[in-house]
Structure formats: C-alpha cells, structure tokens
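> Each chain, letter by letter, is given below.
Number of protein chains: 2
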Amino acid sequence: MPAMTSTAAVEPLFLRACRGERTERTPIWMMRQAGRYLPSYRAVRSKASFLEMCRTPELACEVTLQPIDQFGFDAAILFSDILVTLPPMGLEVAFPEKGPVIAEPVRDRAAIDRLVVPDPVAELPYVMEAVRQIRAGLGGRAPLIGFAGAPFTLVTYAVEGGGSKDYVNTKQLLFGDPRAAHALLEKMADTVAAYLAAQVEAGAQAVQLFDSWAGILSPRDFEEYALRWAKHVIAKLRAHPGVAAARVPIIYFVNGCAPYLDSYATSGADMLGVDWRIDLATVRARVGAKVALQGNLDPGALFLEPDALRVRVEDVLAQGGGVGHVFNLGHGVTPPTNPEHVRVMVETVKARHWSHAA
Amino acid sequence: MPAMTSTAAVEPLFLRACRGERTERTPIWMMRQAGRYLPSYRAVRSKASFLEMCRTPELACEVTLQPIDQFGFDAAILFSDILVTLPPMGLEVAFPEKGPVIAEPVRDRAAIDRLVVPDPVAELPYVMEAVRQIRAGLGGRAPLIGFAGAPFTLVTYAVEGGGSKDYVNTKQLLFGDPRAAHALLEKMADTVAAYLAAQVEAGAQAVQLFDSWAGILSPRDFEEYALRWAKHVIAKLRAHPGVAAARVPIIYFVNGCAPYLDSYATSGADMLGVDWRIDLATVRARVGAKVALQGNLDPGALFLEPDALRVRVEDVLAQGGGVGHVFNLGHGVTPPTNPEHVRVMVETVKARHWSHAA
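Chains A and B supply the protein sequences, listed in that same order.
Going by the numbering used here, the first sequence opens with residue 74, and the numbers climb by one from there.
Going by the numbering used here, the second sequence opens with residue 74, and the numbers climb by one from there.
The set of hints was computed from the structure by calculation and includes no laboratory data.
None of the values given here were measured: they were computed from a predicted structure.
Check each hint, because a few of them may be wrong.
For identical chains, the list gives no copy identity; a pair is met inside one copy or between any two copies.
Said to hold, decoys possible - Lysine to aspartate or glutamate pairs mimicking EDC-like chemistry, simulated, CA-CA at most 20 Å apart:
id : residue 1 : residue 2
1  : K309      : D352
2  : K120      : E259
3  : K238      : E170
4  : K120      : E131
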C-alpha cells in the first residue's frame with residue numbers, strides 16, 4: 074500500500090502508532106507529564122494558582138513544553154483540566170489543593186435543564202490560544218494532544234460536587250431518574266464534542282477523552298451511561314470536517330477498563346487507553362488488532378530502583394510489541410515521583426528498537 | 074453420597090452454598106446490612122460512637138440482629154470494623170465521620186518493626202464476647218459470619234493513615250522497600266489468622282476476609298502483595314483444629330476482582346466475593362466450578378424503582394444458577410438506601426425456587 078508507506082515516512086511516531094501501524098520504536102508520553110513531580114512545574118505553580126495556569130496561555134504553554142524539553146517525550150499534551158468545560162455550561166468550579174469543588178452540584182432535572190451547551194471557541198478562548206502557542210513552541214518536535222473529560226466522568230463531578238468515595242449521588246441520579254441522567258450526559262457530550270473539535274481547529278493533532286470514573290459501573294451500566302456517550306462524542310468528531318480531513322486520532326481512556334474489554338473495543342476510537350490493573354497482552358488478545366493501545370505501567374512502578382524499573386518497562390514494551398502501541402503510564406504520574414526515574418523510563422523505551430519484518 | 078445428603082438436610086442454606094452445593098433457593102445477606110440505611114441502627118448510633126458500638130458487645134449484638142429480625146437475611150455478620158486489629162498491634166485508629174484516621178501511619182522499617190502480633194483473645198475480648206452474644210441471640214435462625222481485613226488492605230490503611238485517592242504511600246513502600254512491605258504484610262497476616270481463628274472458637278460459623286483495596290494493584294502485584302498473604306491467612310486457618318473440625322467456610326472478597334480472576338480462583342477460599350463491576354456469569358466461566366461465588370448486585374441498583382430492581386435481582390440470581398451461590402451486593406449498602414427496597418430485594422431472592430434435577 075504505497076499511500077500508507079508514504080504516510081509512515083513523514084508522520085511522527087506517535088501518530089503512526091495511534092493509527093495502529095508498526096513503528097521502528099515505541100513512542101512514549103506520560104499522563105500528567107506536565108505536573109507536580111517536575112521542579113520546573115512547581116516553580117511556575119508557586120507564582121500562579123492552578124486555575125490561573127490553565128487560563129493563561131503563556132503559562133499553559135510553558136509547562137506543556139517542559140517535559141518535552143527535559144525528557145524528549147514523543148507527544149505533548151495540552152496543560153489544562155477536564156473540568157474547564159463546566160463553568161461555561163453554568164457550573165462554577167474551584168480548585169483548592171485537595172481537589173476540585175463544585176459548590177452547587179447538579180442533582181435534579183431542574184438543575185440539569187438550566188445547564189447550557191456553550192460555544193467553546195467563544196467561552197474558552199484561552200484554551201484555543203494555548204493550543205496555538207504550544208504548536209508554535211513545539212516547532213514540530215512532537216505532536217500535540219488535546220483532551221477533554223468524557224461525558225460520564227464529567228457527570229460524576231457535576232453530580233458529586235467533586236471526587237467521591239462511593240459515588241452515591243451519581244448512582245441515585247442514574248438509577249433514580251435515568252432520563253434526567255441521559256439529558257445531562259447528552260449536554261456533556263455535545264459540549265465535549267464541540268470543545269475537542271475546536272481544539273483540533275486550533276492545532277491539536279490528536280485528542281484524548283478521559284473517562285477517569287467510568288470504572289465504577291457494572292458492565293451493562295458502562296455501556297448504557299459511559300460508552301454510549303463516549304461513542305456519541307467520537308461519532309460527532311468523526312463527522313467534523315477538520316477532524317476528518319487531518320485524520321486526527323481519537324484516544325479513549327477508561328480508568329479501570331478490565332471488566333469492559335469487549336464493549337470498550339467497540340468505542341470507535343483509534344486508540345484505547347489501558348490502566349495498569351490489567352496486562353496489555355490480555356487487552357490485546359481481547360480487543361483484537363483493529364484498535365491501537367496506550368499504556369500501561371503502574372505509576373507506582375516509578376518508585377522502583379532503576380534496574381527493577383527497566384524490567385517492568387521492558388515487559389510493557391514486549392506486551393505492546395511495537396505495533397499500534399504508545400507507551401504510557403496506566404494513570405497520571407504522582408507528585409513524589411523522582412524525575413530521574415522518569416528519565417530512566419523514557420531512555421529504556423527509546424533504546425528498544427523493533428526489527429519488524431517488512 | 075449419604076454423608077452430603079445428610080449434611081444438606083441439617084445445615085443452613087448459607088453454609089451449603091458456601092460449600093458449593095446446589096440449594097433449593099439462593100441464600101442472601103448484604104454487606105453492611107447492620108448499617109446506617111436502617112433507622113433502628115441510627116437510633117443506636119445516636120447514643121454511642123462507632124467505636125463504642127464496636128467495643129460494647131451488647132450494642133454490637135443488637136445491631137447485628139436488626140437486619141435478621143427485619144428482613145430475614147440468611148446469614149448474620151458480626152458488627153465490627155476491619156481496623157479493630159490495628160490498635161493491639163500498636164497503631165491507634167480514630168473513627169471520625171469522614172472515615173478512619175491513623176495519626177501515626179507506618180512508613181518505614183523501624184515503624185514496622187515496632188508493631189506486634191497480638192493475642193486476639195486477650196486484646197480483643199469484646200469481639201469474642203459479641204460473637205457469643207450474637208450466637209445466643211440468633212438462636213439458630215441464621216449462621217454468623219466473622220470477618221477481618223485482608224493483610225494488603227490493612228497495610229493500605231496503616232501506611233496511608235486512612236483512605237486514599239491514589240495510594241502513593243503504599244506504592245512507595247511496596248516498590249521502594251519490598252522487603253519491609255512483606256514484613257508488614259506478614260505481621261498483618263499472622264494477626265488476622267489468629268483473630269479469625271479466635272472468632273471461630275467464640276462461635277463464628279464462617280469467616281470473610283475483606284480485601285477492599287487489593288484492586289489498586291497490577292495483576293503481578295496483586296499476586297505478590299495481596300493474594301500471597303491472603304493465602305497465608307487461609308492456609309493458617311485451614312490448619313487450625315477448630316476451623317478444620319467444623320469445616321468453617323472461608324470467604325475471600327476482593328473489591329475490583331475483574332483483572333485477577335485466574336489467580337483469584339487459586340486463593341484456597343471456599344467462596345469468592347464478587348464486586349458489581351463484572352458479571353457473575355463471566356466470573357463463573359473463568360474460575361470454574363470448584364469455588365462458590367458471592368455477589369454481586371450494584372449497591373446503587375437499590376435506588377431503582379422496585380420493578381426495575383426486581384429485574385436486576387433476577388438477573389444476578391439467574392447468573393448464579395442456584396449452585397454454590399450466595400446472593401449479596403457487590404459492595405456495602407449505602408446510607409441513603411431505602412430499607413423498603415432492601416425488602417424488595419430480599420423477597421425477590423427468597424421467591425426464586427430452584428427445581429434442580431436430583
């Protein structure tokens with residue numbers, strides 16, 4: 074297929090792996106790579122609140138580029154937060170140290186009906202400007218990933234008013250008033266689809282949908298409440314001319330995906346994120362060869378001594394096999410992580426060259 | 074086999090199901106059935122702290138019997154907390170409303186070495202007395218389940234100082250100093266084994282080991298840090314004369330078991346607890362017929378209207394098939410649950426009679 078060969082010759086490793094291609098080495102990036110484990114990030118953060126960093130394109134750009142400059146990751150990801158779409162919908166969010174707080178959570182039909190589906194370009198101009206500045210700052214060194222919260226995960230925050238231990242309020246909405254739950258999910262999905270399309274128009278070269286809390290559902294409810302609306306977002310994105318023209322890869326990440334692999338494989342995404350609780354090889358065996366996989370080193374493994382860390386990194390690489398695989402952690406890197414261990418991980422991944430038969 | 078037939082004729086449904094037998098109907102109990110969803114529990118709780126309730130046999134007995142009296146569950150479970158074993162080891166625990174707090178968490182080898190393996194009969198006499206009073210209060214209406222935290226889950230509390238979002242301190246111990254982690258796990262395991270044996274000697278007719286947080290581990294770490302030490306407890310219990318003589322069923326419950334089914338099946342327990350994130354039929358297909366299963370309705374499903382609730386209860390019953398199955402929730406019942414919906418669940422389970430071919 075000459076067309077594919079030609080594409081493979083010019084596209085970055087990361088984008089080729091997203092498309093399921095064989096790559097001469099496995100590309101790597103890391104969830105929360107622009108984060109508190111980095112001294113240079115903490116230096117910026119000491120002068121601005123988390124929200125100010127999100128809302129100031131120059132600062133968002135600066136911290137987005139830091140891990141690219143320092144470790145040579147194969148992809149950059151926009152510095153932002155999945156909850157930035159909530160205020161334009163009508164839900165104010167605060168970000169104290171202990172985690173996000175929504176003072177007036179959404180728990181009934183009236184509150185859901187008051188929410189709007191905003192125009193993301195008009196309401197979140199700072200995000201689009203950050204995307205443009207990051208693309209310029211990258212200068213082609215690495216592709217830029219845009220992202221958003223998946224509809225179900227955004228609903229958990231909106232309903233609980235923040236994180237939760239048992240998600241009782243969410244369950245009360247889903248099971249006590251399923252129609253209202255779906256009305257809220259639809260507003261989230263339409264907002265997220267428009268928001269990700271706007272990021273692509275501003276320059277994002279791939280997009281990731283984070284379903285951080287979809288793992289609290291039974292298999293049937295995962296399909297009904299999480300997957301259904303993630304598919305809605307993915308289908309809308311596929312139909313967007315800019316996304317379609319650039320063949321922008323869509324990544325869907327469900328944290329705690331192990332129970333749902335059969336349905337997860339049907340999401341329509343180009344690549345599925347895999348958390349650390351399940352072996353990548355198990356996931357590949359279940360989802361088949363049609364979808365790329367991203368993951369899945371336990372973020373805690375970065376606390377291992379370098380030699381033991383390398384063994385685990387090699388194991389994930391071997392399971393990925395250099396075909397349709399992007400190396401990543403199975404969840405975000407944690408603040409006490411030693412940056413030198415991150416360097417060991419990146420160097421181990423980059424040292425592994427695949428000699429695929431043509 | 075006349076012996077089995079004879080046993081089946083005299084033993085309670087719950088114990089027979091634990092042993093993997095066919096039962097004419099599926100027995101039911103519910104995790105946290107003595108809990109805040111019950112007005113009669115809240116009445117007791119309004120006059121005593123949680124810890125006072127645990128430490129006062131008369132109160133523990135009273136609330137243990139409430140759900141038996143009110144709903145006719147097929148098993149009672151000791152009212153207590155998995156953390157009661159920590160203070161005799163040398164770790165003080167407080168129970169404010171927002172969850173348990175260990176003011177001086179265990180994070181290094183020196184702190185681990187200071188912990189002792191206590192004599193549970195001498196150190197936790199109030200638990201043994203509660204068991205005796207409950208057995209007397211039950212008068213044979215239902216068997217009594219004793220319980221303890223599994224070693225890994227107790228380690229997470231001891232190390233984090235309470236609950237956690239990302240278990241970073243636990244991961245730092247496991248990966249930063251694996252030998253120290255195993256030393257701590259061994260002390261927990263020896264404590265728990267002795268504690269459960271003492272509960273059996275006091276009258277508990279089955280025991281459940283709660284591994285509430287084993288689901289934060291990768292498959293290899295689940296085997297290394299959670300399953301290995303749960304097996305240690307189970308093997309010690311099997312070797313205990315009182316446990317062996319009475320053939321006391323051992324139940325092992327891992328919350329979030331879906332990624333580990335193959336190794337979970339090797340625990341040595343008579344029955345495995347299954348959380349709501351995976352279908353019971355999937356678990357049965359993977360673990361085979363040699364182990365009984367307990368679960369697994371989503372506690373959130375109790376927020377459904379009665380008709381929809383009945384459909385979900387029937388679905389779990391059908392997946393269990395009336396062979397080696399104890400109906401339960403997939404996790405503890407939540408405080409806002411309507412007790413009348415609990416009644417609907419119990420009545421639905423009890424109305425389902427199995428006409429097994431002989």
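> Run every hint past the structure and note whether it holds.
Cross-check of the supplied hints:
1. K309 with D352: neither (31 Å within a copy, 31 Å between copies)
2. K120 with E259: Neither. Shortest intra-copy (38 Å) and inter-copy (46 Å) distances fail the 20 Å Cα cut-off.
3. K238 with E170: both (18 Å within a copy, 13 Å between copies)
4. K120 with E131: within (13 Å within a copy, 57 Å between copies)
This entry does not satisfy hints 1, 2, going by the numbered hints stated previously.
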